[in-house]
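Protein chains in written order, with our numbering: chain C, 1 to 391; chain F, 1 to 329.
Cross-link-like lysine to aspartate or glutamate pairs, in silico, EDC-like; alpha carbons within 20 Å at most: (1) F:K199 - C:E374; (2) F:K199 - C:D372; (3) F:K199 - C:E373; (4) F:K113 - C:D355; (5) F:K185 - F:D47; (6) C:K178 - F:D52.
Since the hints were made in silico from the structure, they are not lab data.
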Amino acid sequence: MTVESTAARKPRRSAGTKSTAGKTTARKSPSTDPELVQLLTPEGKRVKNAEYDKYVAGITPEELRGLYRDMVLTRRFDAEATSLQRQGELGLWASLLGQEAAQIGSGRATREDDYVFPTYREHGVAWCRGVDPANLLGMFRGVNNGGWDPNSNNFQLYTIVIGSQTLHATGYAMGIAKDGADSAVIAYFGDGASSQGDVAESFTFSAVYNAPVVFFCQNNQWAISEPTEKQTRVPLYQRAQGYGFPGVRVDGNDVLACLAVTKWALERARSGEGPTLVEAYTYRMGAHTTSDDPTRYRGDDERLAWEAKDPILRLRAYLEASNHADEGFFAELERESEALGKRVREAVRAMPDPDHFAIFENVYADGHALVDEERAQFAAYQASFTDVEGA
Amino acid sequence: MAAETVKNLALAKAINESLRRALDTDPKVLIMGEDVGKLGGVFRVTDGLQKDFGESRVIDTPLAESGIVGTAIGLALRGYRPVVEIQFDGFVFPAYDQIVTQLAKMHARSLGKVKLPVVVRIPYGGGIGAVEHHSESPESLFAHVAGLKVVSPSNPSDAYWMMQQAIQSDDPVIFFEPKRRYWDKAEVNTEAIPGPLHKAKVVREGSDLTLAAYGPMVKLCQEVADAAAEEGRNLEVLDLRSVSPIDFDSIQASVEKTRRLVVVHEAPVFFGSGAEIAARITERCFYHLEAPVLRVGGYHAPYPPARLEEEYLPGLDRVLDAVDRALAY
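Just chain C, same shape as in the assembly:
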């Protein structure tokens, strides 16, 4: 079966009578997976899709270049952060290398009044929401545990405990429904998180209350060293069927498909049709974080196979083949990338250590006697050093 003919098939959702139950093979490569929504082949060829084409039908060359620019800059930022960790400027970094299309496609599908609940790797989604990339690095440098006001960009703080944020997203979406608003929520999580009870509970709650939430699972094949087979025996998108809402698997390295499918899911949510599970089938090209060593648990052949499906190269091929971008565009973007890297590098190095008293700040909104007491003790202790120096 060719890639084109695969992608051209109508995607099957797991709700209703279009049951896909019984197909229990967990791992298939995307190119042979009949369930995968794909609009751009790895070679950059546009393929038709009866169901989802309409969600990107009006996309302009400028918007396509914008998606390309987003992916390139996000990758450049990510590479810079990885380098900064190697140079000792960051304590840890969770790279998104390889997942740019899943994040930019879905992130660009969101509306300003939608709300995003990320895990800790959604640097591309943060970019789409207008969060300053430098702000993402504070927690990895160790100067704060957050770094931005969630309500400034409707982009929640990164959540490190796996899957917790899917419940927050569901609750927030329940609130939207109560308010009678027509915005939606998107919750990000990974294939590993699909094993967590909180994710299962968020599916239950969102289904029961028909909450306007899109669950966007980036199946990057690896939860640190554990492959997806260690999390599930059925393709993850099929999980939705058991909860009574649709699930769809999209080529996570195809930015157009991710954009289209997420738009569809968000529109469902906004129009009162409840939750959707989107499984973006992708690959984490690097380590889980800079602390692990993927050569211990996976072979080069797998990585090489996925390199051939690179999300940036395939959109570039499409832009060039369709004359939507010229050399000047790519050259200018290269300059912009380097400038971004430089800016991020300088911003990280300029980050001041937090004030010592930050330990005691914002522990409680209404104050707490013990915190006040310990702050005073801390101040007296700090002052004792000042006295010695001043003597």
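Chain C is already provided as a structure; the job is to place chain F on it using the hints.
Leaving out everything else, chain F in the frame of chain C:
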């Protein structure tokens, strides 16, 4: 109208009236939990609220504690003030992760930008002959976590007013309800001006020794003081009301007067709130104390079957024994 503002209410009913008032006053207040709607909760604390405020304000949830607290966090992020019910003390642990890693920390992580006014109601403690996991006292586990406030009323009036204050607080409050006192009645003045939520109260003046307790043990300590009075001993009883923060100033003031302190709680003594109180009061009142601070509480053992709980729980004789020991120094 004054007559209507003072009501004789059981503790459970006082919480019910308090929740009703909060739902009535603030459209952002929500009640959530298993069985809180039609049934009115297994203790009927939410009785009639869904009938009067509807299913969108008083929400029967799926049977999933982490989901209840996790979605309450999301609703709070959206501007709501959820009051969630955990059906029994021993069932809070599936939600413990959400409470400790998310609810407690999000305000600090957001550098104060995000507030989470969530109240987690937990009927707790023993004395009702329940089965396993229905009689525990996990308050120290929550008091140990920065970002949470932990309170426990001992009487209907406090139950009414402390619930009002907990709901109005911008901090997450773990609200431990002494289930064995749910049916105790007392007057509640619904127009009174309540004292601060975290302020201890001297509920009986005395000069020989201070008994400090909260929640279900306050009534026991009052009974102990009555019994001790027959032996000519004049005990002061302090209702702490709040376990985080603890009003150490009030304990200190009492101990400086009586010079002896016995702390009573149902939770295991080991690493319990009594240990924290003993350590801090020893530090603050070292030269005032005539005896070491003693503690009476549960043992370092799983909560026993109902037929043994009278042995496990602090009772009149065990507390009187501790009083005798403290006075013997």
